[in-house]
Structures are given as structure tokens and as C-alpha cells.
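Sequences are here, hints too, so could you generate the full structure?
Same order as they appear, the protein sequences are chains A and B. Heads up: the first sequence begins at 1 in the working numbering, then just goes up one per residue. Heads up: the second sequence begins at 1 in the working numbering, then just goes up one per residue.
By construction, these hints were calculated from the structure, which means they are not laboratory data. It is possible that some hints are incorrect.
[As the list claims (entries may be wrong)] Quick list of the computed label-pair ranges, beta carbon to beta carbon: (1) A/7 <-> B/72: 23 to 31 Å; (2) B/137 <-> A/35: 53 to 61 Å; (3) B/200 <-> A/36: 17 to 25 Å.
[Unchecked claim] Over the 10 Å line for every Cβ pair with chain A, so calculated as not near, a few chain B residues: (4) 51; (5) 64; (6) 81; (7) 120; (8) 133; (9) 142; (10) 163; (11) 164; (12) 166; (13) 167; (14) 183; (15) 184; (16) 190; (17) 191; (18) 196.
The C-beta atom is built at its ideal place from N, Cα and C for all residues, glycine as well.
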Amino acid sequence: MDAVSIIGMVSIIVSGVTIAVGSVGPALGEGKALAQALIAIAQQPDESATITRTLFVGLAMVESTAIYCFVISLILIFANPFWDYVIKLAGG
Amino acid sequence: MEITTDHIIFWEWEFIHINATLVYSWLVMGILVIGSWLVSRRLSSGIHMNRWQNILEVLVTMIQDQIREASRQEPRHYLPFIGTLFLFILVSNIIDIFPGIGAPTSSLSTTTALAFTVFVAVPVFGIAQQGVKAYLAHYTKPSLLMLPFNIIGELSRTIALAIRLFGNIMSGSLIVGILLSLAPLFFPVLVQAFGLLIGVIQAYVFSILALVYIASGQRVKQHELEEAENEEVLTEEIETE
Chain A
1 MDAVSIIGMV SIIVSGVTIA VGSVGPALGE GKALAQALIA IAQQPDESAT ITRTLFVGLA
61 MVESTAIYCF VISLILIFAN PFWDYVIKLA GG
Chain B
1 MEITTDHIIF WEWEFIHINA TLVYSWLVMG ILVIGSWLVS RRLSSGIHMN RWQNILEVLV
61 TMIQDQIREA SRQEPRHYLP FIGTLFLFIL VSNIIDIFPG IGAPTSSLST TTALAFTVFV
121 AVPVFGIAQQ GVKAYLAHYT KPSLLMLPFN IIGELSRTIA LAIRLFGNIM SGSLIVGILL
181 SLAPLFFPVL VQAFGLLIGV IQAYVFSILA LVYIASGQRV KQHELEEAEN EEVLTEEIET
241 E
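Quick look at the structure:
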């Protein structure tokens with residue numbers, strides 16, 4: 001197999017693995033945080049505004065790790081620097 | 001497929017490129033500045049007011065309340081910076097639903113610039129409140145060993161701010177683009193509506209996180225004051241015993 005097909009294959013496989021593995025942890029964490037927040041709201045309905053605000057900020061921070069994985073897999077597919085380099089070498 | 005709005009170039013001369021990100025940022029700035037200027041020309045302090053004045057007052061009061069609740073301090077110092085961040089990101093994210101206009105925040109350059117302003121604002125607010133020496137000293141708390149970790153934390157949270165906003169907004173428009181080729185009839189509309197929700201939440205999260213970072217750079221002094229008071233109370237109790 002030549003370099004172009006190896007790089008293309010590895011990029012696609014790794015981008016799939018990246019988003020698959022990277023979404024598991026944040027999903028578990030977000031579910032746990034949401035469950036705790038629901039329990040807290042059920043116990044203290046008066047504090048629901050504060051709890052909801054903290055929950056949103058916390059969820060966004062937890063989610064950012066999944067977003068990093070998403071950005072990495074998008075870069076691997078749409079803007080892969082190694083792929084561009086190999087194509088440039090082959091073309092020029 | 002275009003990932004960011006950086007690659008759409010409208011006008012080009014030698015090394016100057018006017019790309020879509022710049023044009024749409026100017027559009028957002030124009031909407032905010034001209035809209036606010038038009039509304040605030042004829043303000044009334046009575047019961048009868050313009051409906052646009054009402055909208056602006058609701059917005060400003062809401063931002064003030066959120067700042068007061070999140071930082072537990074008077075919103076006066078934070079309102080200009082945090083409010084501007086929130087409104088700019090909010091309008092940038094919402095403007096994405098108009099056809100032919102891309103959100104300027106779906107470019108990594110815009111979000112990095114916004115995160116950099118937060119990175120600069122943290123020491124500026126901190127030094128303004130407690131002076132250079134006391135501010136720099138809080139990097140060595142709780143011990144001098146933590147100095148490199150505090151500096152790394154400062155840098156990494158700035159990068160995290162930028163990439164979080166960029167990833168969320170860019171993924172929203174990209175997913176709509178992919179769905180248009182799969183199920184073009186009705187489903188993209190729902191995803192667009194969900195993207196609006198994400199945009200508003202991300203604008204809120206960005207400004208609240210900026211506020212939390214700024215407030216955490218300032219709160220050192222307050223903690224020390226409280227600790228000193230607690231120690232005084234303790235010593236008094238011991239003495240009375």
C-alpha cells in the first residue's frame with residue numbers, strides 16, 4: 001500500500017475512534033451531574049435557579065472535553081496536515 | 001465543505017484579505033452599536049417608554065442580576081466587559097440562522113481573540129483591585145511549588161474557552177451542512193433550532209466563565225480578610241474561656 005492510502009485509512013479510522021472513545025467519558029459525567037442536579041432541585045426547589053445556572057456552566061465545562069475530541073476528528077477528516085503534505089509531494 | 005468562515009474571501013489586496021469572518025464581525029458590531037445608539041437617543045424615565053428601550057432595559061437588568069448572583073459582588077465594575085462579551089457572542093451565534101451569513105464565532109480566530117481579552121482582563125481587574133504585588137503573590141498560593149501549575153492553568157483555561165466556543169458553534173453549522181445532504185426536507189430546521197439553543201447557552205457560559213475567572217483573581221483579598229476576622233473571633237473566644 002502506498003503512503004497516500006495508508007494516511008487516508010489511518011486518519012478515517014482514528015477520527016472515528018477519537019469521537020467514539022472521547023464521547024463516552026463526558027456522557028457518563030454529564031448524566032451523573034444531571035442526576036445529582038435533579039435530586040438537588042427535588043430536595044430544594046427554592047434553590048433551583050442557582051442549581052440550574054451552576055449545572056449549565058458545569059455541563060458546558062464537562063462537555064468541552066468531548067468538543068476537543070470532535071474538533072480533532074474534524075481536523076483529521078477535513079483539514080489533515082499530513083494528507084495535505086503527501087498530496088503536495090505527490091503533485092509537485 | 002467549508003469548516004470556518006475564514007476561507008470565504010470577499011476582497012484581497014497584496015497581503016490584506018477581507019474574509020467573511022471580518023465582514024460578519026463588523027456586521028455584528030454595527031447591529032449592536034447602531035441599534036443601541038438609535039434606541040438610547042430618545043430615552044424616557046417615565047412609565048411610558050419605547051418598546052426598544054424596554055428590551056434594552058430588560059437585557060441590562062438581566063445581565064446585572066446574573067453578575068450579582070454569580071460573583072456575589074456589585075455588578076458595576078464587571079458590567080461593561082462581561083455585558084459586551086455576552087451581547088457580542090449572543091448576536092454572533094444568533095445571526096447564523098440568516099441564510100448566507102455565517103457566525104463569526106465559528107472561526108477559531110474570533111474565539112481566540114475573545115478568550116485573549118479574558119486572559120488580559122483577569123490580571124487587569126486583579127491588579128486594579130489589590131495592586132501588582134498582592135496579585136502576583138496569589139500565584140504562589142498555597143505554596144511556591146504550585147507556581148508553574150497556576151501559570152499552566154491560566155493558559156489552558158484560556159485555550160479551553162476559545163476551543164469550546166469554536167467547537168460548539170462550528171459543529172452546529174457543520175452538522176446542518178451534513179444533514180442537508182442526507183435529509184434535506186424538514187430535519188435541518190429542527191437542528192437549526194437546537195443550534196440556536198446551543199448558541200445562547202454558549203454565550204452565557206462564556207461570559208459566566210469569564211466572570212468567574214476575573215472574580216477568582218480578585219477574591220484572594222476577601223478570603224484573607226475573612227480568615228483574619230475568623231482568627232480574631234477564635235482568639236477572643238479562647239481568651240474569654
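Results of checking the hints against the structure:
no. : hint                       : verdict
1   : A/7 <-> B/72: 23 to 31 Å   : violated (53 Å)
2   : B/137 <-> A/35: 53 to 61 Å : violated (41 Å)
3   : B/200 <-> A/36: 17 to 25 Å : holds (24 Å)
4   : 51                         : holds (27 Å)
5   : 64                         : holds (15 Å)
6   : 81                         : holds (18 Å)
7   : 120                        : holds (21 Å)
8   : 133                        : holds (31 Å)
9   : 142                        : holds (23 Å)
10  : 163                        : violated (6 Å)
11  : 164                        : violated (4 Å)
12  : 166                        : violated (7 Å)
13  : 167                        : violated (4 Å)
14  : 183                        : holds (20 Å)
15  : 184                        : holds (21 Å)
16  : 190                        : holds (20 Å)
17  : 191                        : holds (15 Å)
18  : 196                        : holds (15 Å)
Of the numbered hints listed earlier, those contradicted by the structure are 1, 2, 10, 11, 12 and 13.
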